[in-house]
Amino acid sequence: MARVLMKGCEAIAEAAVRAGCRFFAGYPITPQNEIPEYFARRMPEVGGTFVQGESEVASVNMVYGAAAAGTRSMTSSSSPGIALKSEGISYCAAARIPIVYANISRGGPGVGAIQPAQQDYFQATKASGNGGFEMLVLAPSTVQEAVDLTYAAFDYADRDRNPVLILADGVIGTMMEPVELPPMKTDEEIAAIKAGKAKWACTGHQLDYANRAWIQPGQWNTQIMQQENEKAAALYASWEKDVQVEEYLVEDAEVVIAAYGVSARIGKSVVDLCRAAGKKAGLIRPITVHPFPYAAFDHINYSVCKAVLDVEMSIPAQLVQDVRMGVKGRCPVETCLCSGGNIMSREAVLRAVDAILDK
Amino acid sequence: MEKIYSRTTTIQEDKVSGFCPGCMHSTVVKLIGEVLDEMGLVDKAVMVTGIGCCGLHMDYIAYDTITAPHGRATAVATGMKRTSPDSLIFTYQGDGDFASIGLGESISAANRGENISVIFINNGIYGMTGGQMAPTTLLGMKASTAPKGRIAEEHGYPMHMCEILNQLTAPCYLERTSCNTPQNVIKTKNAIKKAFKNQIEGKGFSMVEIVTSCPTNWGLDPLDALDFIEQKMLPEFPLGVVRDR
Ligand SMILES: Cc1ncc(C[n+]2csc(CCOP(=O)(O)OP(=O)(O)O)c2C)c(N)n1
Ligand code: SF4
Ligand SMILES: [Mg+2]
Numbered sequence: 001m002a003r004v005l006m007k008g009c010e011a012i013a014e015a016a017v018r019a020g021c022r023f024f025a026g027y028p029i030t031p032q033n034e035i036p037e038y039f040a041r042r043m044p045e046v047g048g049t050f051v052q053g054e055s056e057v058a059s060v061n062m063v064y065g066a067a068a069a070g071t072r073s074m075t076s077s078s079s080p081g082i083a084l085k086s087e088g089i090s091y092c093a094a095a096r097i098p099i100v101y102a103n104i105s106r107g108g109p110g111v112g113a114i115q116p117a118q119q120d121y122f123q124a125t126k127a128s129g130n131g132g133f134e135m136l137v138l139a140p141s142t143v144q145e146a147v148d149l150t151y152a153a154f155d156y157a158d159r160d161r162n163p164v165l166i167l168a169d170g171v172i173g174t175m176m177e178p179v180e181l182p183p184m185k186t187d188e189e190i191a192a193i194k195a196g197k198a199k200w201a202c203t204g205h206q207l208d209y210a211n212r213a214w215i216q217p218g219q220w221n222t223q224i225m226q227q228e229n230e231k232a233a234a235l236y237a238s239w240e241k242d243v244q245v246e247e248y249l250v251e252d253a254e255v256v257i258a259a260y261g262v263s264a265r266i267g268k269s270v271v272d273l274c275r276a277a278g279k280k281a282g283l284i285r286p287i288t289v290h291p292f293p294y295a296a297f298d299h300i301n302y303s304v305c306k307a308v309l310d311v312e313m314s315i316p317a318q319l320v321q322d323v324r325m326g327v328k329g330r331c332p333v334e335t336c337l338c339s340g341g342n343i344m345s346r347e348a349v350l351r352a353v354d355a356i357l358d359k
Numbered sequence: 001m002e003k004i005y006s007r008t009t010t011i012q013e014d015k016v017s018g019f020c021p022g023c024m025h026s027t028v029v030k031l032i033g034e035v036l037d038e039m040g041l042v043d044k045a046v047m048v049t050g051i052g053c054c055g056l057h058m059d060y061i062a063y064d065t066i067t068a069p070h071g072r073a074t075a076v077a078t079g080m081k082r083t084s085p086d087s088l089i090f091t092y093q094g095d096g097d098f099a100s101i102g103l104g105e106s107i108s109a110a111n112r113g114e115n116i117s118v119i120f121i122n123n124g125i126y127g128m129t130g131g132q133m134a135p136t137t138l139l140g141m142k143a144s145t146a147p148k149g150r151i152a153e154e155h156g157y158p159m160h161m162c163e164i165l166n167q168l169t170a171p172c173y174l175e176r177t178s179c180n181t182p183q184n185v186i187k188t189k190n191a192i193k194k195a196f197k198n199q200i201e202g203k204g205f206s207m208v209e210i211v212t213s214c215p216t217n218w219g220l221d222p223l224d225a226l227d228f229i230e231q232k233m234l235p236e237f238p239l240g241v242v243r244d245r
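If you read the protein sequences in the order shown, they are chains A and B.
Mapping to the working numbering: the first sequence position 2 is 2, numbers consecutive.
Mapping to the working numbering: the second sequence position 173 is 173, numbers consecutive.
Among the hints, a few may not be true.
[As the list claims (entries may be wrong)] Some chain A residues close to chain B (C-beta under 8 Å, calculated; not the full set):
# : residue
1 : Ala-25
2 : Ala-58
3 : Leu-84
4 : Glu-87
[Said to hold, decoys possible] Restraint ranges, calculated between C-beta atoms of paired labels, are given here:
# : chain 1 : residue 1 : chain 2 : residue 2 : range
5 : B       : Asn-111   : A       : Phe-122   : 34 to 40 Å
6 : A       : Lys-241   : B       : Asn-111   : 43 to 49 Å
7 : B       : Asn-166   : A       : Arg-3     : 38 to 44 Å
8 : B       : Glu-230   : A       : Gln-206   : 51 to 57 Å
9 : B       : Ile-164   : A       : Ala-195   : 52 to 58 Å
It is worth saying that the hints were derived from the structure and are not from the lab.
Treat the numbers as computed from the prediction; the structure is a model and nothing was measured.
In this text, a Cβ means the ideal position worked out from N, Cα and C, and glycines have one as well.
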């Protein structure tokens, strides 16, 4: 298939449309405005619906409603807007409603900086809302990967009846790259997906007390609430098989960079520069930042590895906590950080790698 | 013999009501069920409940239902109706839900003219959480968070949702009813019917505001609560059709 040049945000939206997403609601916020704008143009062409919600809160709840009626549905925002969606996401998780949402994250906390950052790692991976629910969190480092992960996200969401988060940053969202787009789901395929949800979707059912659709984001009965939480915990435990990670030249590495998203892309180019200069660097790049690929860190040769270098666009560092849990004290973990909307520089990473190798 | 009244099919027989004795939520839930039966809409109906005592009957109704986050029912209903236009989508919300925390969603959905029906239960108080002040609490009326009663200078005035929404161009039908007398119960039933009919005909946003009692948190027995509605609530919240087109 021919490749097309697309902006990250627009590519994410088109991938969603091709995956059969037929409802999108969102509220403007930089740097992700191209997502709602693209859907506003595109949805009418495919018989879908775009709504500009009056807020992020309203938007996520429109998506909750549309998905609860059986339609593949999506919302997107950036950091503070994602914070506002958290109650709605928690409801979707509790009620087991499949939705996909994207965080094109920016510098924080507060209104933060509109420039790219990776300050939402804890929010995305540990507590995207109240109640201790979990989600698959997918972190692309190229526009192509953003397309592929968004396309897959809808299948994951439907498989698990659970929200899926695309965690990207302003660089991935706003840069243009050539991408190969996935096949467009046909109207028949989309109808079949919707029909598969008919039993639980709220669209009206024949009078039958036992078999009506009853979507419950909570319970009055404590025993049932515990059972629901146990079922959810079993689902989360089953995600070991879904872990995705890129391990690049790790085996003989004397320094291993750990990074996700755009930082990993910069980290990988530093690995290439190092190798060209005879320096043994490697990279571990979590693609699923939740569940986290802890086992990848067992592939490091700790008899030669001097340190793992956590590279992230967040101060304080956040990813580093999962990196430490992967490394388990087998070598030192150093950091190379920037924040506030400043983009990680190759030079800074190279300097940090050299400092470790020179020790 | 001719059968002139029967129990709605939409309430399960073996379940116990979650509402307090004398609570008019029960009356309204029964009326909704009767209307769905009479209009043949039970198999198309989806109720989006708010958070509050409105959630106390989900257990025993027979049609589809989903719980929205507190205040967001009209947003949830928007997503549902836009993607499932053949279903009958109505929200069932209290005054804290619809007129306080959800005010933005309520006004915005009305302003878009969403083709949904809103059943809005105005009991002048937060029932579920134990009698705190609502946007509809009357001046001078005591609430657990307004122990001296609602004071205009501090708390502002009761909000009139029918009249507020009447400032918008899009809504097609706004009516305020009550359930304090048999006549008013019949009017409420007809209003619910009309709101559903409007939706079937694609006319857009309808809201029925129903002035109801909360004997428990008003600290009145159910009969005195009827008098309170007549003497105190209805002068503040006059009944009638505010918009119909
Ligand atoms: C986000 C959020 N805030 C607060 C609450 C607590 N809460 C539950 S019901 C309710 C008030 C409900 O009052 P109203 O809407 O008037 O309904 P009523 O019980 O009077 O019928 C509140 C504040 C909640 N569940 N969620
Ligand atoms: S607390 Fe009030 S509104 Fe709630 S069920 Fe009891 S009487 Fe009805
Ligand atoms: Mg109330």
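These are the hints, each one checked on the structure:
1. Ala-25: holds (7 Å)
2. Ala-58: OK, holds: Ala-58 of chain A within 8 Å of chain B, min 4 Å.
3. Leu-84: This hint is violated: Leu-84 of chain A lies away from chain B, its Cβ roughly 11 Å from the closest one there, beyond 8 Å.
4. Glu-87: holds (5 Å)
5. B:Asn-111 with A:Phe-122: 34 to 40 Å: holds (37 Å)
6. A:Lys-241 with B:Asn-111: 43 to 49 Å: 47 Å Cβ-Cβ, so the 43 to 49 Å window holds.
7. B:Asn-166 with A:Arg-3: 38 to 44 Å: Violated - the Cβ-Cβ distance for Asn-166 of chain B and Arg-3 of chain A, about 55 Å, lies outside 38 to 44 Å.
8. B:Glu-230 with A:Gln-206: 51 to 57 Å: Once the Cβ atoms are compared, 41 Å apart, the range 51 to 57 Å for Gln-206 of chain A and Glu-230 of chain B is violated.
9. B:Ile-164 with A:Ala-195: 52 to 58 Å: violated (41 Å)
In summary, the numbered hints that this structure violates are 3, 7, 8 and 9.
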